[in-house]
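Asks: Listed below, chain by chain, are the residues.
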Amino acid sequence: MTDSGAAERAARIETLPMVQVGRTQGFFRGAVRSLGEIWSQRELLGLLVRRELKARYKDSSLGVLWSLVRPLTQLLIYYFAVGQILGVARAVPDFAIFVFVGLTGWTLFIEIVGNGTKSIISNGGLVKKVYLPREIFPLASVGGALFSFAMQFLILITATLVLSRFPLTPDLPYALLGIVLIIVFGTALGILLAGLTVYLRDLEHLVEVILAVLFWASPIVYSYAFVSNAISGTWLEQLYLANPVTVAILGMQKGLWLAGSLAEGGVVWPPDLALRMWIALGVSLVLLWVSQRIFARLQGNFAQEL
Amino acid sequence: MTSPAPLIVSVTDASKRFVLHKDKSVKERLLNLRRARQHRVDFWALHNITLDIESGTTVGLVGHNGSGKSTLLKVIGGIIQPTSGTVKRRGRIAALLELGAGFHPDLTGRENVYLNASILGLSRAETDRYFDDIVEFSEIGEFIDSQVKFYSSGMYVRLAFSVAIHVDPDLLLVDEVLAVGDEPFQRKCMDKIQQFQREGRTIVFVSHSADQVMQLCDRVIVLDHGRMIFDGDAEGGIAALRESFVAGTAATDTTGATVLEELTTGARVESVRLTSTKTNLAGDFLPGGDISVAVRYRIASVDPGLIVGIGIQTPAGNAVYGINTHGMSLGLPSKPGTYDVAFLLPDSALAKGEYHVRATIYAANRSTIDDAPLAASFRVEDQTAAVGVVRFDTTATVGRLD
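Note that the protein sequences, when read in sequence, are chains R and V. Here the first sequence is numbered in the working numbering, starting from 37 and rising by one per residue. Here the second sequence is numbered in the working numbering, starting from 865 and rising by one per residue.
Hints may contain errors.
What the hints assert, rightly or not - Which residues of chain R face chain V? A partial, calculated answer using Cβ under 8 Å: (1) Ala42; (2) Ile49; (3) Met54.
Said to hold, decoys possible - In silico lysine-lysine, PhoX-like type, Cα no more than 25 Å apart, as pairs: (4) V:Lys1013 - R:Lys94; (5) V:Lys1013 - R:Lys154; (6) R:Lys164 - V:Lys1013.
Stated by the list, open to error - Label pairs and their computed distance ranges (CB to CB): (7) V:Gly1096 - R:His241: 50 to 58 Å; (8) R:Gly72 - V:Asp877: 24 to 32 Å; (9) V:Asp1055 - R:Arg48: 20 to 28 Å; (10) V:Thr914 - R:Asn279: 50 to 58 Å.
In short, the hints are calculated from the structure, not lab data. Note that the structure is a prediction, hence the values are computed from the model and not measured. The beta-carbon is built from N, C-alpha and C at its ideal position, and this holds for glycine as well.
Chain R with its partners taken away, still in its complex shape (with noise of 0.2 Å):
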């Protein structure tokens, strides 16, 4: 029946330790495991990124330049509709690089929150069939966001370029941190609602509603000044500068969006944005990882609730 092989094998097996199947529950050390986990799957990650965006433009002749189309196209109805019919492009110079830049972070978000919160029910198959850290789903549509997030930066400087505006200012480390942020942000929501929607099938929908409405809940379409002069020291206020998106996105303007950054009329900036960037990301942090606490305790009962 055996051979040397099968010896060598059991020998082998032998110097392992045994390993108990599934998630330890600490807090800590449960996070550290699954974080270790999650790093040794990394190129799995990689190659289910690369599966979402082949099979979303496989078949299409225009293939990854769809992922252009949609924010290229609100970029037209928001600058003609907001800009110049409503005419908010003369209270803000720039307007179409300003528009661009908040759609930019504003895309990123809702695409890692709302892939996110689907991947665990479309990877159904594979969650109840083989033993994954699970956390990969929701971290593969972060991978696939950022890759249209990629696409549209590049657009974006070249824009910048073009108009001859390039962002090359002490401000810019203030559009890195407000990416870095919304990544955090969004990958926090993402895994937390990714593991919630298994229970509770409504949340998809939920979440598409919510961040429709959120949308003008920061200064994408709109100047930060238009809020300022409406609600400026009230606790109003403060309350919508509690919004991480928010503050990501007013971050990334004040780096990418020179004709404001310089300061040329009338563009205002809320105090002490630095600071709030630093705390909405220290917050998001800690959200991230009681998330995947959460997502941790519940992805034990995954494979039969889908």
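Put chain V on the given structure of chain R with help from the hints.
Replies: Below, chain V alone, put in the same frame as chain R:
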């Protein structure tokens, strides 16, 4: 083996409860918040399972549907977490719970091989190394670069199986997926499994086929309603499984009897009696005897052209033999009344084992009027080392050729 083999899986006191919620939407949950307890049904799929598996063994999990064997396999695989108890294990694991679970229809075979191999735990470099073997084993050939959605189901399954067996697992979990592809491919799969056994890999598999279990397993675990009712060698396991089948059969017999009196239309099998001209003291049939199968049935009202058929099956449901009165050109009366039709099966060539007899009444157009799937059963006793359902007085010779 000189030293005892190391443990590879250790399950301690594992139980699994499934909660079946009757409501799934937010609205229903909120409305029923207070009465939530009434809207859930607990179902214990596993009860206090304790189990150690040594490396290098092949373990078969058997039991009838709903006995918890697939759940146990998933618990070992970490896909489902037990409600209580612990599962520990070591070494690389590959689970073949559903072939091609990670296949994406829009990607090509090649892309799917890489993706699926990665899901099963292979690195890109390792997949590169095995890639040609995988394609060759799957017999996909040039289609490897077409999208998987254009594959036939056979090609799909072959490619998936091929990936799965090339991932070099220490522990392989298999859930009833061994019966894939055409016959030559199935044989290839079995050869591969046997090669795995020689290489000292541990295999845990769920099967409904007694033959497969006999052929492959060193150890059989029989589950019944989530409890382990047997743990031991293959032969004992199959016997225990049959007992649990027969116990189930007896239960249905009694329920069947209560409605027997109300026959107003059609026809019904009343009983099947079995005798053999050669039996031992325990009543087991012996080889070479003439077996008589007498089917008693009652007719209330039927159209002419009635047909009665019998079938002999293994407890796992595999047909061994079947015949009916139409095939034997025996015309049956169709007047109301009770009849006996006796089949004589001379010179029995059935091998050792348990058999069930099924009796069926058909109309002339072959539609079933009544069917008694487990009408009777018998046991054949034989002194033989052979396996299978037929027996021969086999002799063997050896000659030197050079």
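Asks: Confirm or reject the claim that Gly1096 of chain V and His241 of chain R have a C-beta distance inside 50 to 58 Å.
Replies: 53 Å, holds
Asks: If you take the shortest Cβ to Cβ gap from Ile49 of chain R to chain V, is it below 8 Å?
Replies: 5 Å, holds
Asks: Measuring from beta carbon to beta carbon, are Asp1055 of chain V and Arg48 of chain R in 20 to 28 Å?
Replies: 25 Å, holds
Asks: Does Lys164 of chain R pair with Lys1013 of chain V here, judged by a C-alpha cut-off of 25 Å?
Replies: With Cα atoms ~21 Å apart, Lys164 of chain R and Lys1013 of chain V stay inside 25 Å; holds.
Asks: Does the alpha-carbon distance linking Lys1013 of chain V and Lys154 of chain R stay inside the 25 Å limit?
Replies: OK: Lys1013 of chain V and Lys154 of chain R at ~23 Å, within 25 Å.
Asks: Taking 50 to 58 Å as the stated bounds, is the beta-carbon spacing between Thr914 of chain V and Asn279 of chain R within them?
Replies: 53 Å Cβ-Cβ, so the 50 to 58 Å window holds.
Asks: Taking the beta carbons of Gly72 of chain R and Asp877 of chain V, is their distance inside 24 to 32 Å?
Replies: 27 Å, holds
Asks: Return the status of the interface hint for Met54 of chain R: holds when the least beta-carbon distance to chain V is below 8 Å, violated otherwise.
Replies: Met54 of chain R check passes; min Cβ-Cβ to chain V is 4 Å, inside 8 Å.
Asks: How about Ala42 of chain R: closest beta carbon in chain V under 8 Å, or not?
Replies: 3 Å, holds
Asks: Hinted pair, alpha-carbon criterion (25 Å max): Lys1013 of chain V, Lys94 of chain R. Please report holds or violated.
Replies: 12 Å, holds
Taken one by one, the earlier hints all hold for this structure without exception.
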